[in-house]
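These are the residues of each chain, in order.
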Amino acid sequence: MQLKNSLAIVSGGALGATLRAMIGTGLNGVPVSTFLVNVTGSIILGFFYQFVQSNHRISGTLKKFIATGILGSFTTFSTYSLDLFVYVREGQFFVAFLYGIGSILLGIIGILLGMTIARKMRRNPAWNG
Amino acid sequence: MEWVMIAVGGGAGAWLRYMIALVVSKWDHSPFPFATFIVNLAGSFLMGMAYAAGDFGPAFSTGFLGALTTFSTFMYEAVTIAAEKLWLSVFYILISLISGLLMVVFGYLMIG
Numbered sequence: 001m002q003l004k005n006s007l008a009i010v011s012g013g014a015l016g017a018t019l020r021a022m023i024g025t026g027l028n029g030v031p032v033s034t035f036l037v038n039v040t041g042s043i044i045l046g047f048f049y050q051f052v053q054s055n056h057r058i059s060g061t062l063k064k065f066i067a068t069g070i071l072g073s074f075t076t077f078s079t080y081s082l083d084l085f086v087y088v089r090e091g092q093f094f095v096a097f098l099y100g101i102g103s104i105l106l107g108i109i110g111i112l113l114g115m116t117i118a119r120k121m122r123r124n125p126a127w128n129g
Numbered sequence: 001m002e003w004v005m006i007a008v009g010g011g012a013g014a015w016l017r018y019m020i021a022l023v024v025s026k027w028d029h030s031p032f033p034f035a036t037f038i039v040n041l042a043g044s045f046l047m048g049m050a051y052a053a054g055d056f057g058p059a060f061s062t063g064f065l066g067a068l069t070t071f072s073t074f075m076y077e078a079v080t081i082a083a084e085k086l087w088l089s090v091f092y093i094l095i096s097l098i099s100g101l102l103m104v105v106f107g108y109l110m111i112g
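Protein chains in written order, with the UniProt record's numbering: chain A, 1 to 129; chain B, 1 to 112.
Possibly wrong hints are sitting among the right ones.
Unchecked claim - Beta-carbon label-pair distances, calculated as ranges:
1. B:A82 to A:S59: 23 to 33 Å
2. B:F56 to A:R123: 42 to 52 Å
3. B:L102 to A:L105: 28 to 38 Å
4. B:M110 to A:E90: 18 to 28 Å
5. B:E2 to A:L98: 30 to 40 Å
6. A:R123 to B:A83: 19 to 29 Å
7. B:G54 to A:Q53: 37 to 47 Å
8. A:R122 to B:F56: 36 to 46 Å
9. A:I58 to B:A52: 36 to 46 Å
Unchecked claim - Which chain A residues stay away from chain B? Per the calculated CB distances, all over 12 Å, these:
10. L62
11. S78
12. N124
It should be emphasised that the hints constitute simulated quantities derived from the structure, not laboratory data.
C-beta: ideal position from N, C-alpha, C; glycine also.
Assemble the whole structure, with the sequences as input and the hints as a guide.
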């Protein structure tokens with residue numbers, strides 16, 4: 001069981017990090033892409049956690065593959081912190097403030113939006129087969 | 001080849017994040033999400049070092065550190081904690097933001 005979970009997380013993590021790299025983050029990346037990746041990942045995670053709450057057919061291993069593996073690795077905190085540091089170091093305090101607070105506000109809105117979409121889908125009979 | 005290295009680093013980072021969460025869950029039962037907090041701060045510290053060193057390569061920074069740390073889980077925890085204890089959620093967000101930035105500074109100063 002632990003081996004299965006580990007394999008799910010390693011493969012999900014490899015996939016999530018590669019997807020993020022394809023969008024173009026990293027040390028020399030453009031912070032806009034880190035912002036987009038973090039907000040998009042938050043919307044999908046909010047949706048997914050709400051969705052699995054009402055769908056018990058999704059196994060614990062699949063949950064770990066998607067949530068801990070793919071989405072956990074697709075979004076990133078270390079690059080976000082580094083981007084903030086680079087802005088502060090360059091003296092762009094206002095940009096640092098906007099980026100710092102904006103990522104968190106839109107991340108929270110993203111989680112709530114994803115959860116709301118999953119709830120609405122559940123209420124819609126067309127989605128319940 | 002670079003993509004393969006990023007994937008390998010990403011897999012390793014995600015796995016370490018999961019292992020830390022397992023270990024932390026054995027002794028910590030507080031509502032504060034210590035596991036995410038720890039990986040995000042450790043990853044930010046190492047990212048500061050990598051930046052000062054002129055990057056240790058995308059497998060380490062983009063792959064390993066990017067995957068070791070997480071923003072989506074951080075946000076999900078902030079939302080779920082807020083439903084119970086709003087002040088704890090605000091504290092979690094602010095302490096993560098400020099100490100994440102400080103950790104990058106410390107890592108940077110270790111090398112630079």
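Each hint, compared with the structure:
In this structure the hint that A82 (chain B) and S59 (chain A) lie 23 to 33 Å apart at CB holds, the actual value being about 29 Å. About 49 Å separates the C-beta atoms of F56 (chain B) and R123 (chain A), a value consistent with the hinted range of 42 to 52 Å. Between L102 (chain B) and L105 (chain A) the Cβ separation comes to about 21 Å, which falls outside the hinted range of 28 to 38 Å. In this structure the hint that M110 (chain B) and E90 (chain A) lie 18 to 28 Å apart at CB holds, the actual value being about 21 Å.
A beta carbon spacing of about 31 Å between E2 (chain B) and L98 (chain A) agrees with the range 30 to 40 Å that was offered as a hint. Checked against the hint of 19 to 29 Å, the C-beta distance between R123 (chain A) and A83 (chain B) comes to roughly 20 Å, which is consistent with it. Between G54 (chain B) and Q53 (chain A), the C-beta spacing of about 45 Å keeps the proposed range 37 to 47 Å intact. The given range of 36 to 46 Å is respected by R122 (chain A) and F56 (chain B), whose C-beta atoms sit roughly 45 Å from each other.
The hinted range of 36 to 46 Å is satisfied by I58 (chain A) and A52 (chain B), whose Cβ atoms lie roughly 43 Å apart. Every Cβ of chain B is farther than 12 Å from the Cβ of L62 (chain A); the closest lies at roughly 15 Å, confirming the non-interface assignment. Its beta-carbon lying about 4 Å from the closest one in chain B, S78 (chain A) breaks the requirement of being farther than 12 Å from that chain. For N124 (chain A), the requirement that its beta carbon stay farther than 12 Å from each beta carbon of chain B is met, with the minimum near 23 Å.
Checked against the numbered hints listed earlier, the structure breaks hints 3 and 11; every other hint is satisfied.
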